[in-house]
Amino acid sequence: DAGVIQSPRHEVTEMGQEVTLRCKPISGHDYLFWYRQTMMRGLELLIYFNNNVPIDDSGMPEDRFSAKMPNASFSTLKIQPSEPRDSAVYFCASSLQGQGAYGYTFGSGTRLTVV
Amino acid sequence: QKEVEQNSGPLSVPEGAIASLNCTYSDRVSQSFFWYRQYSGKSPELIMSIYSNGDKEDGRFTAQLNKASQYVSLLIRDSQPSDSATYLCAGYILTGGGNKLTFGTGTQLKVEL
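If you read the protein sequences in the order shown, they are chains V and F. Using my numbering, you'd call the opening residue of the first sequence number 426 and step up by one each time. Using my numbering, you'd call the opening residue of the second sequence number 15 and step up by one each time.
Since the hints were derived computationally from the structure, they do not count as laboratory data. Check each hint, because a few of them may be wrong.
Claimed, not checked - Not close to chain F: a few residues of chain V, all C-beta gaps over 12 angstroms, as computed:
| hint | residue |
| --- | --- |
| 1 | 431 |
| 2 | 436 |
| 3 | 464 |
| 4 | 467 |
| 5 | 468 |
| 6 | 487 |
| 7 | 488 |
| 8 | 490 |
| 9 | 501 |
| 10 | 512 |
| 11 | 532 |
| 12 | 538 |
Said to hold, decoys possible - Pairs of lysine-lysine residues, derived as DSSO-like cross-links and limited to a Cα-Cα distance of at most 30 angstroms, are as follows:
| hint | chain 1 | residue 1 | chain 2 | residue 2 |
| --- | --- | --- | --- | --- |
| 13 | F | 70 | F | 124 |
| 14 | F | 56 | V | 449 |
| 15 | V | 449 | F | 124 |
| 16 | V | 493 | V | 503 |
| 17 | F | 81 | F | 16 |
| 18 | F | 81 | V | 503 |
| 19 | V | 503 | F | 16 |
| 20 | F | 70 | V | 493 |
| 21 | F | 56 | V | 503 |
| 22 | F | 56 | V | 493 |
| 23 | F | 114 | F | 56 |
| 24 | F | 81 | V | 493 |
Stated by the list, open to error - Partner residues aside, some chain F positions facing chain V, computed with beta carbon under 10 angstroms:
| hint | residue |
| --- | --- |
| 25 | 42 |
| 26 | 48 |
| 27 | 50 |
| 28 | 60 |
| 29 | 89 |
| 30 | 109 |
| 31 | 114 |
Note that the coordinates shown come from a computational prediction; the quantities given were computed from them, not determined experimentally. Just so you know, even glycine gets a beta-carbon here, dropped at the ideal spot from N, CA and C.
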């Protein structure tokens, strides 16, 4: 298994531009999570899906952030318009059955820099 | 109070020593806990899980859970330079929408030669 695949690995964009981050979960995993990691706040859960349906988006910081999961093998996190304070590493993770012994498997992350 | 709290460190130990990493949690956090290891510039990697009061051992790693004190720890025996990383403690928060895995901010461990 190739694991959780995220793209791009690095993204540098100018303030005000739209940014789209992509994720392919592990095949067969029914939960998908988007996290953001910064030095100040650590790993924060933004949103998660179960069977492609958004379950909890209470961690999404503002309306500028949106996430979709059109099918079991693909999800996007979009920021429009982007701001310098959005600079962080964004991780996608997937899991089987959402909890318990399986834990979460993380992708390699996308390092976003907004200038 | 943050749901999961860790000392940010860095914690420095000599090679071959026991490294002890600690984590406390609030009432909102359920009784399933995980330790992740994160190397600099890499993604978190699950190394241990613990659900029951007491100790759980896996190789050089031992996780300890004390529900009465709301305390979780990770012991690393015979520490190696390759163990130098940030260790993240995580637990589930029970919400109406489901269970969310919440992380502490991590403890940086440095194993010195």
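Quick rundown of the hints versus the structure:
In this structure residue 431 of chain V is not separated from chain F by more than 12 angstroms, as the shortest Cβ-Cβ distance comes to only about 9 angstroms. The Cβ of residue 436 of chain V sits about 15 angstroms from the closest Cβ of chain F, beyond the 12 angstroms cut-off, so the non-interface label holds. Once the 12 angstroms rule is applied to beta carbons, residue 464 of chain V is inconsistent with being away from chain F; the minimum gap is 9 angstroms. Non-interface status of residue 467 of chain V relative to chain F is broken: a Cβ of that chain comes within 12 angstroms, the nearest being about 4 angstroms off.
The Cβ of residue 468 of chain V sits about 4 angstroms from the closest Cβ of chain F, inside the 12 angstroms cut-off, so the non-interface label is violated. Distance check on residue 487 of chain V: its Cβ is at least 19 angstroms (rounded) from any Cβ of chain F, clearing the 12 angstroms threshold; non-interface status holds. The non-interface label for residue 488 of chain V is consistent with chain F: the shortest C-beta to C-beta separation is roughly 19 angstroms, beyond 12 angstroms. Every CB of chain F is more than 12 angstroms from the CB of residue 490 of chain V (nearest about 17 angstroms), matching its label as outside the interface.
Separation of residue 501 of chain V from chain F is adequate, the least Cβ-Cβ distance of about 19 angstroms exceeding the 12 angstroms criterion. With a minimum CB-CB distance of about 15 angstroms to chain F, residue 512 of chain V clears the 12 angstroms threshold, and the non-interface call stands. Remark: the non-interface label on residue 532 of chain V conflicts with the geometry, its nearest Cβ contact in chain F lying 6 angstroms away (cut-off 12 angstroms). Consistency note on residue 538 of chain V: stated as away from chain F, and its beta-carbon is indeed over 12 angstroms from all of that chain's, at 14 angstroms minimum.
Annotation: proposed proximity of residue 70 of chain F to residue 124 of chain F holds, straight-line Cα distance about 23 angstroms (limit 30 angstroms). Pair hint residue 56 of chain F plus residue 449 of chain V holds up; C-alpha atoms about 18 angstroms apart against a cutoff of 30 angstroms. A distance of roughly 33 angstroms separates the Cα atoms of residue 449 of chain V and residue 124 of chain F; the hinted pair therefore is violated under the 30 angstroms criterion. At most 30 angstroms may separate the alpha-carbon atoms for a hinted pair to count; residue 493 of chain V and residue 503 of chain V meet this at roughly 9 angstroms.
Restraint check for residue 81 of chain F and residue 16 of chain F: satisfied, since their Cα atoms lie roughly 17 angstroms apart, inside the 30 angstroms limit. Between residue 81 of chain F and residue 503 of chain V, the direct Cα distance comes to roughly 39 angstroms. Violation of the 30 angstroms bound is thereby established for this hinted pair. Between residue 503 of chain V and residue 16 of chain F, the direct Cα distance comes to roughly 28 angstroms. Compliance with the 30 angstroms bound is thereby established for this hinted pair. The straight-line distance between the Cα atoms of residue 70 of chain F and residue 493 of chain V is roughly 38 angstroms, outside the 30 angstroms bound, and the hint therefore fails.
Pair hint residue 56 of chain F plus residue 503 of chain V holds up; C-alpha atoms about 22 angstroms apart against a cutoff of 30 angstroms. Taking the CA atoms of residue 56 of chain F and residue 493 of chain V, the gap is near 25 angstroms; set against the 30 angstroms cutoff, the hint holds. At most 30 angstroms may separate the alpha-carbon atoms for a hinted pair to count; residue 114 of chain F and residue 56 of chain F meet this at roughly 22 angstroms. Restraint check for residue 81 of chain F and residue 493 of chain V: the C-alpha separation of about 37 angstroms exceeds 30 angstroms, so the hint is violated.
About 14 angstroms separates the beta-carbon of residue 42 of chain F from the nearest beta-carbon of chain V, more than 10 angstroms, and the hint is not met. Against a cut-off of 10 angstroms between C-beta atoms, the interface hint on residue 48 of chain F holds, since the closest Cβ of chain V lies about 6 angstroms away. The restraint placing residue 50 of chain F at the interface with chain V holds, with a minimum CB-CB distance near 8 angstroms, inside the 10 angstroms limit. Taken as an interface hint, residue 60 of chain F checks out: its beta carbon lies about 4 angstroms from the nearest beta carbon of chain V, inside 10 angstroms.
With 10 angstroms as the threshold, the beta carbon of residue 89 of chain F stays out of range of chain V, its nearest partner Cβ sitting at about 19 angstroms, so the hint is violated. Satisfaction of the interface hint for residue 109 of chain F is found here, the shortest Cβ-Cβ separation to chain V being roughly 7 angstroms, below the 10 angstroms cut-off. At a threshold of 10 angstroms, the smallest CB-CB gap from residue 114 of chain F to chain V is about 5 angstroms, leaving the interface hint in force.
The structure shown violates the earlier hints numbered 1, 3, 4, 5, 11, 15, 18, 20, 24, 25, 29.
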